[in-house]
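**Student:** Using our numbering, the first residue of the sequence shown is number 1, and each one after it goes up by one.
Read the hints as simulated data drawn from the structure, not as lab findings. Model, not experiment: these values are computed from the prediction. For every residue, glycine included, the Cβ atom is placed at its ideal position computed from N, Cα and C. One or more hints might be untrue.
[To be verified] With a straight-line cut-off of 25 Å between C-alpha atoms, the simulated BS3-like cross-links for lysine-lysine are:
| hint | residue 1 | residue 2 |
| --- | --- | --- |
| 1 | Lys40 | Lys3 |
| 2 | Lys52 | Lys70 |
| 3 | Lys70 | Lys3 |
| 4 | Lys52 | Lys3 |
| 5 | Lys40 | Lys52 |
| 6 | Lys40 | Lys70 |
[Unchecked claim] If you anchor each label on the Cβ, the simulated ranges turn out as follows:
| hint | residue 1 | residue 2 | range |
| --- | --- | --- | --- |
| 7 | Ser102 | Asn45 | 35 to 45 Å |
| 8 | Thr87 | Ser21 | 21 to 31 Å |
| 9 | Lys52 | Glu111 | 27 to 37 Å |
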Amino acid sequence: MLKLENLCKRYGSRSVLQNLSLNLRPGEIYGLLGPNGAGKTTTINIICGLLKADSGSVTIGDRPAGAATKALVGVTPQSNLLYGSLTCSDNLFFFGRLYGLSRQDCLRRVEGAGEPAPP
1 MLKLENLCKR YGSRSVLQNL SLNLRPGEIY GLLGPNGAGK TTTINIICGL
51 LKADSGSVTI GDRPAGAATK ALVGVTPQSN LLYGSLTCSD NLFFFGRLYG
101 LSRQDCLRRV EGAGEPAPP
């Protein structure tokens with residue numbers, strides 16, 4: 001279950017989320033719809049732990065969202081964020097490190113994905 005309670009987020013004087021609350025049950029599919037600037041990406045980024053809400057809370061399963069729940073959620077952006085100048089394994093390694101994985105864990109996971117480890 002994913003539960004949002006009274007999420008608020010401002011960028012300067014502009015309020016993009018005002019007391020957003022919702023409950024998403026396992027197995028159900030939802031979409032966030034709205035015009036540009038409505039707060040869709042901000043909401044997803046808060047759920048994924050990439051952005052902090054000014055107030056309110058996010059609960060994933062029975063745990064408050066945070067470092068312990070980061071591995072449970074993710075986001076796929078609509079535009080390609082891979083670096084064309086890097087190999088597949090280099091991209092995997094780079095983003096793994098960016099996400100906070102240790103060098104050894106990144107190397108193990110890249111090799112586990114069938115890619116040669118970066119130098």
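**Student:** Please go over all the hints and tell whether each is borne out by the structure.
**Tutor:** Tested hints:
The hinted pair formed by Lys40 and Lys3 meets the criterion: a straight-line CA distance of about 16 Å does not exceed 25 Å. Using a Cα cut-off of 25 Å, the hinted pair Lys52 and Lys70 holds, with the two alpha carbons roughly 13 Å apart. Of the pairs offered as hints, the one joining Lys70 and Lys3 holds, with about 15 Å between alpha carbons and a cut-off of 25 Å not exceeded. Restraint check for Lys52 and Lys3: satisfied, since their Cα atoms lie roughly 15 Å apart, inside the 25 Å limit.
Taking the CA atoms of Lys40 and Lys52, the gap is about 14 Å. The hint holds against a cut of 25 Å. Among the hinted pairs, Lys40 with Lys70 is consistent with the structure: their alpha-carbon atoms are about 19 Å apart, no more than 25 Å. At about 24 Å, the beta-carbon gap between Ser102 and Asn45 misses the expected band of 35 to 45 Å. Between Thr87 and Ser21, the C-beta spacing of about 44 Å breaks the proposed range 21 to 31 Å.
The supplied range of 27 to 37 Å is met by Lys52 and Glu111, whose beta-carbon atoms lie about 34 Å from each other.
When held up to the earlier numbered hints, the structure conflicts with 7 and 8 and fits the remainder.
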